[in-house]
Each structure stands twice: as C-alpha cells, then as structure tokens.
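J.: These protein sequences, in sequence, are chains A and B. Under the working numbering, the first sequence has 269 at position 269, and the numbering climbs by one with no breaks. Under the working numbering, the second sequence has 160 at position 160, and the numbering climbs by one with no breaks.
In case anyone wonders, no lab produced these hints; they're calculated from the structure. Computed from a predicted model, the values in this text were never measured in an experiment. Treat the hints with care, since some could be wrong.
[As the list claims (entries may be wrong)] For each label pair, taking beta carbons as the anchor points, the in silico distance ranges come out as:
{"#": "1", "chain 1": "B", "residue 1": "SER63", "chain 2": "A", "residue 2": "VAL60", "range": "39 to 47 Å"}
{"#": "2", "chain 1": "B", "residue 1": "GLN16", "chain 2": "A", "residue 2": "ALA26", "range": "42 to 50 Å"}
{"#": "3", "chain 1": "A", "residue 1": "ARG76", "chain 2": "B", "residue 2": "GLN131", "range": "54 to 62 Å"}
[Unchecked claim] Which chain B residues stay away from chain A? Per the calculated CB distances, all over 10 Å, these:
{"#": "4", "residue": "VAL18"}
{"#": "5", "residue": "ALA32"}
{"#": "6", "residue": "ALA39"}
{"#": "7", "residue": "THR41"}
{"#": "8", "residue": "ALA54"}
{"#": "9", "residue": "LEU111"}
Where a beta carbon is used, it is the ideal one built from N, C-alpha and C, also for glycine.
Letter by letter, the chains look like this.
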Amino acid sequence: MTEQEHEAAPVRNAEFKAAILLVLLAVLVLGSALYLLYARGAFESTQTLILQADDSDGVVVGMDVTFAGFPIGRVRRIELSPEGKARMVVDVPRKDAHWLRSSSIFTLERGLVGGAKLRAFSGIPTDPPLEDGAARTLLVGDPGAEIPRLLAAARDLLQNLNDLTAENSALAASLANVAGVTGKLNGPHGAMGLIAGDDKNAQQLAERANKLLVTVNALAIKADSLIGHADERVFGQQGTIIQLNGLLADARNSLKKMDAVLVEAQAVASNTKEATADLGALRGEVESSLRRVEQLVNEINRKWPFKRDTEIKLP
Amino acid sequence: MNTQASTPGILQRLHQGVVAALHGWWRLLHFAVLMFSMALTPASYGRAQRPILARHLVADTVSNLAWFGVLSALVSLVLIRIVVVTSQSYGLSRFALEMVVRVLVLELIPLSAAAFVALRTTLPAGLELAQRRHAANDASGGELHREFFPRVAAGVFAVWMLAAVSCVLTLILAYLSLYGFTPWALAGYTRVVGQVFNPAVSLILVLKIAFFSFAVGLIPMATSSRISQGLGDMVRVFGVMLLIEIASLMGNYY
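Assemble the whole structure, with the sequences as input and the hints as a guide.
T.: Dropping the structure here:
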C-alpha cells in the first residue's frame, strides 16, 4: 500500500473551500461575540443610578431594572456601603433615562417563585429628570418575609387545634360523653337507659311504665264500658234523647196552644180597642144627657119654690 | 503458597498498569506539545503543507457539518418545544428561553458536536493511522507534519465549526419557536441572551469547546503513534470529555 492511497479523498478546490470554512467560522465567532456584547449593553451610553437597600438578597449582577414591564437598566455591581447597606450600581442607557424622574421610586420585589425584580415608578412625568449618579433608597416588598409570620400564626393555630383535640380537652370530653350517650342509645335499654341513667333504674322504670300501661289499659277498658253505658242511656229505647224528643213534642203542642191563646188575646185586644172607641161616644152622650138633666133640674128649681138642695146625684 | 505467590503478582500487574497509564498520558502530553508547537510554527501552514491541511479540513468538516446541522436542528426543535410547553403548563414561560439557552447552547450542543466529530472522524482516522504505522513500523518528524498535524487540526476545527454553527442555529430556532416570525421580540430575546451569557459563562463555553476539540483531535492521534488499543481510545476520549463537562458545570453553577 502506498502512502498516496491512504491520503484523504481528493477534494476539488480544497484550499478555497477551506478558506471559506475558516471565514465562516471567523464570521460566526466574531458575530456571536459582537451580538453578545450588544446584548450585554457594551455599545450603549449609560448613566449610573445607585440603589440602596438593607438587604441585596435576590439581586444579581446583570439583572434588569424595569419600568412598566420594560427593561430600562441593568445591575452592574453590588457592593457593601460603609454604612453596612447594600449598594446596587445600575447602568441606565441614556435613551431610556428620561423615564426616570427625580421623584421616581424604586422597589425590590421578591416573589415566591423566580428571582427578585427591580422596578421603577415615575409618578410625575413633568418632574426634572434623574441626574447621573443619583442615589435612591429601594423599597423592599418581600412576600417571603411574610412566611415566618405566617408560620408563627399557623403554629399558634395548630397548637390551639392540638389543645382542642388533646386527650384531656373539653372537646374530647364532650365527644366522649356523646359517644357514651350514643352507646347507651344503641344499648339494650335505648333512650330509656339514657333517661334513667342507670341500667337498674332503667329496668325499674321500664317495669313501672309497663305496670302503668297495664293500669292505663284497664282504665281505658273501663272508660270504654262507661261510654257504652252512657251511649245506651242517652241513645237507647228508654234513653234521654227519646224522652227529650217527647218533651219537645209536648212543648211544641203547648206552644201551639199558646199561639191560639195569643190569637184570642189579640182578638180581645181588638175588641177592647173598638169598645174603647164606643166608650168615647157614649161618654159624650152621657155628658150631653147630664147637661140636659142639669138644665132641667135648674129649670125645676127655678120653677119649684122650695128649693132645698140643688145638687143632683148621679147614679 | 498460592496466596503468597499471587499477591506480588497482583501488585506487579497493578504497578505495570499504573506505569503504562502514566506512560500513555505522558506520550499524550508530549504529542500535544508537539502538535501545539507545530500549530504555532508558520512552516506548518506553508505552501507544501497547505493542500493536505485544506483537504483534511474540508473533508472532515463539511460531511460532518451537514449531518450534524440537520440532526442538532431536529433535536433542538424537539427539546425547545418540550421545554416551552412544560414551562407554559407550569406558568413559568418567562424562564423557558433562559432554560433553552442554558441546556442546549451551553451544555448539549458542544458536547454532542465533540462526540459526533470523535465518532465519525478522529477515532476512525486514528485507528487507520495506527494500522498504517504498524505496517510501516516507523515514525519521523516529517510524518508528524504530513500525517498527524493535518488530521489533528482538521478534528479540532471540525469541533469548533460544528459547535459554532449549531449554537447559532439553535439560538435562531429558539427565537422562532418561542416568538414566531416577528422581529418585535428581538429586544427582549437579546436581553435574556445577554443575561445568560455573562462573561464567566461565555469564557467557560469557549474553554469547554476548545478543550473538547483538543481532546477529540489529539487523543486518537496520540495513541495511534503506537499500536492502537481500539476501544481504549474511545474510552479515553469520552472520559476526558466527561471530565471537561463536569468542570464546566462546576464553573457555571457552583
């Protein structure tokens, strides 16, 4: 085997193609490097903003500062200030710096999921722009900090719950009583045992109740026979109702007679009325007769010389 | 008596194994230094060497580039889709892009590019060279220039090229998968990519690709300068790649 046979397969224009490959690689590498430099803001003119907080936990170099959800700055460095506070040096591109005003506030929000977020808020857009190198204090909103408080409250709650459900707690005693009550209810004496308390008492109570029931039964039988007798008395052949019916018939006859008497009385009354009317006329006639008699007597007296008594006695 | 006789035998074999391994690593180091010195020597790129170098460079890179480009694009699309859908289902879609970039571009693409070049090019080439050298039974300085250096350089370049093309391709595919064919998400995308590729991560990525390429290019050729151990070369290559990957992971995430 010669050396030439083991050479790589001949390639036409190998040097040209190799040059193209080299150029392609160089372009890719340089292009990627330039793109990454651009992506990291190496070609941007920036101004510096210093944010101070008690704790820089969650903040990493390179993270964004957002305004209305848009990234307008990037954390360049995090350091500890002489006062012991965390200083975050932020690069803000000058083309985005006009969003930040002297009255802008900056917040650090730590979510339960994901990293922290640095946010900027500009309430008054007409305020003067934020100057280069300005230092501002970060307002920190941390739901994670609420967790220990929440845990403490939950622990208290669980402790209370434990106390409530402990073996010697009031709730457990109540439940035990309820269990006893339901046990008695399910027991041989049922609700009676629950009411009587003791099984012996319950038995006695049941016996007495049975006796009472027997007595009541006998009483009911007696009452039944009594009612039967009363029924017979009232509604039987010689019953009160029959007699009452006869009495009522007699009373009806008496009333009828009374009606007749009344009719007669009415007739008498009408006769009396008529007689009274005749009596008026008779009286007039008597009065006129008397007057004539008086006149006659007066005349006799005048004519008769011996007058003794002028008074005339009426019959 | 057997145990008394076998214990020195085990120790002797262990000693021989350790000495052989150290010798092998020493030869590898020696070979690497030779290759680096050749790479830094202008004569290696002289008129006489240029055609061989160009031929190896083109043959080793172009065939791998086409296949690896297609395969990595397909795998990347599948992984990007999985990551995006999963993150959306958990309401964490704002972390999807960062995860895609970190998983694919920083970790998987360089590793798979190096493995692809090792399996398709440098390991077979190293084996072939070893067999030829075994037949010829000599080695000279001229042969190092003529046979070894072009293959090593081609292997190293192929890894660089595959990794660079696939990384760029994956970044483009990630953008298109996440946002579609619109230019308006480019600013946000650029910002996230910029946050992922901080100086330390970028340096580790470059170093990782470089060391992968050196491992893939040098180890098969270094062992082929003597009788090849076949599967042993592959184990050594992938062992070194694994160590490099572990080191890069520790650098990135610790």
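J.: None of the hints should be skipped; say for each whether it holds.
T.: We went through each hint and held it up to the structure:
For the hinted restraint 39 to 47 Å between SER63(B) and VAL60(A), the CB-CB distance of approximately 43 Å keeps it satisfied. Roughly 47 Å separates the CB atoms of GLN16(B) and ALA26(A), a value that falls within the hinted 42 to 50 Å. ARG76(A) and GLN131(B) have their C-beta atoms about 57 Å apart, which keeps the hinted 54 to 62 Å range intact. Non-interface status of VAL18(B) relative to chain A is upheld: no Cβ of that chain comes within 10 Å, the nearest being about 35 Å off.
With a closest Cβ-Cβ approach of about 22 Å to chain A, ALA32(B) is found to remain outside the 10 Å limit, as its non-interface label requires. Non-interface status of ALA39(B) relative to chain A is upheld: no Cβ of that chain comes within 10 Å, the nearest being about 14 Å off. Every beta carbon of chain A lies more than 10 Å from that of THR41(B), the smallest distance being close to 18 Å; the non-interface claim holds. Not every beta carbon of chain A lies more than 10 Å from that of ALA54(B), the smallest distance being close to 4 Å; the non-interface claim is violated.
Listed as a non-interface residue, LEU111(B) keeps its Cβ farther than 10 Å from every Cβ of chain A; the least gap is roughly 18 Å.
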